[in-house]
Amino acid sequence: MEKVDENKEGIKGMVNPRRYGIERVAYLLMRLSGLGLLAYFVAHIYETSNILRGRVGWEEVISITQTTEGHVILAIVIGMCVFHTANGIRVMLGESGIGVGKPIRPDYPYPSPSQNARHKIAIYSSIILAALAMMYGLAVMFGE
Amino acid sequence: MRESVIMKIHYGTALAAVALVAVHVLFRLTQGFVDSLTYESVIANYRFLPYAGMLEIILILLSIHGFNGLRVILLELKQGRSYEKAVSYGCIAAMIAIIAYGSRTIFMTNMGMV
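Going down the list, the sequences are from chains X and F.
Note that the working numbering has the first sequence beginning at 1, numbered continuously upward.
Note that the working numbering has the second sequence beginning at 1001, numbered continuously upward.
So that you can see chain F by itself, here it is in the shape it has in the complex (with noise of 0.2 Å):
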């Protein structure tokens, strides 16, 4: 993929990332900082499917922009045609780890399977 359409999905998802989180963060704020961390809250918020789906699109946003981040710093600091294939091949797999083991989390506790 072209290095200009790479860092356009960048700046996309670091838009849409903002906009999720700070839905995010006002979930948190509005119940009350200590209170909106209480097993039961937590729970409702992952059986609400809006608010889940919504969690599931912030991780898959966050680990495209977070390790197409970390691939930028990494082919900045050397070269190489091994070492960017290295790098940005780490990189993917490291993502749909991460998008993988969240999403876990996320399916298992809106079906109840907690």
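Next up, chain X with everything else stripped away, as it sits in the complex (with noise of 0.2 Å):
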């Protein structure tokens, strides 16, 4: 029997922001923002839970996050969890049917009404959004 290509490409396919414009970046940039979040607040959670161990053991572990590296990790942290907010509630908006668009006859080149300027006008903010907080959290930080 002959081999079906199922179009198949799996972690490769799925990190591969080319192709598809911004639209793709952002839903790479949203995978990877996610991910990135759910690490930190594991490691968050953990990191509180050293209260438990008394003054020493909370000194301890603050000692480590409130370094030049840890503080640089926050305002990556801050930037990521900003850009998920923003372009999540693009997203939402958009599942909703706000923002997307009237469908139109698929004519060549086939325009997509969904990935309209609008939409990627809240993909640059996002981006935009997410590196002035991360400024913002880095002269908070440093500041002190």
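In case anyone wonders, no lab produced these hints; they're calculated from the structure.
Because the structure is a prediction, the values reported are computed rather than measured.
It is possible that some hints are incorrect.
Here are the simulated lysine-lysine pairs, BS3-like style, with alpha carbons at most 30 Å apart [as the list claims (entries may be wrong)]: (1) K1085(F) with K12(X); (2) K1078(F) with K1008(F); (3) K1008(F) with K102(X); (4) K120(X) with K1008(F); (5) K1085(F) with K8(X); (6) K8(X) with K1078(F); (7) K120(X) with K12(X); (8) K1078(F) with K120(X); (9) K1078(F) with K12(X); (10) K102(X) with K120(X); (11) K1008(F) with K8(X); (12) K1008(F) with K1085(F); (13) K8(X) with K120(X).
Taking the hints as your guide, dock the two standalone chains into a single complex.
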């Protein structure tokens, strides 16, 4: 029997941000930021559990995070959080039918009304907001 | 449970978590970032019942949202009856474990067992 190409590219296909424009980049960033935030969340739960070890245990774990590297990681987390939130709201609105445009006849070059300027602006705005939040976070952490 | 219901829960937990995490972050900023992380300040936060309650709600919301998000990503990657079951049950187990571990910290600190 002839082998059927099911177009299963696996992780390689999933992390390829090319071919489909900024929407595909947003898709990838959404998943990367989600995984990063989940990792941070689990680490944060472990970090805060050290309060049960008393003052010594708490100050020991806080001294690890209150370093330049710790602050840079936290700034990246802030950026991921803001992008994930802003882009998540865009996705939610899109799935509710808001801002996706009206269906049109599929004529060459087959423009997709759902991938319109409003959504592109929302994606770029999410990236800019994330960058601004990271800068603010760095200013707060290194300012003290 | 239907996937459409799961996604409604996913979006609901996201919106609620955004509001509550904003309050959590504001607590750090209003006290001063470094000062808010001192042992006394953290203990005082945990012993303040409304704040501890909010932390518990954030813990539950983010665990549900986070592990359902992980489930969605893993199911996008590969499909199959046994694989999908393993991923779904694995994510539920991880979610329960994180909620239990985080709740232990909140309850023990709130009740003065530190």
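Status of the hints after comparison with the structure:
no. : hint                   : verdict
1   : K1085(F) with K12(X)   : holds, 24 Å
2   : K1078(F) with K1008(F) : holds, 23 Å
3   : K1008(F) with K102(X)  : holds, 24 Å
4   : K120(X) with K1008(F)  : holds, 24 Å
5   : K1085(F) with K8(X)    : holds, 20 Å
6   : K8(X) with K1078(F)    : holds, 9 Å
7   : K120(X) with K12(X)    : holds, 24 Å
8   : K1078(F) with K120(X)  : holds, 29 Å
9   : K1078(F) with K12(X)   : holds, 12 Å
10  : K102(X) with K120(X)   : holds, 17 Å
11  : K1008(F) with K8(X)    : holds, 28 Å
12  : K1008(F) with K1085(F) : holds, 20 Å
13  : K8(X) with K120(X)     : holds, 27 Å
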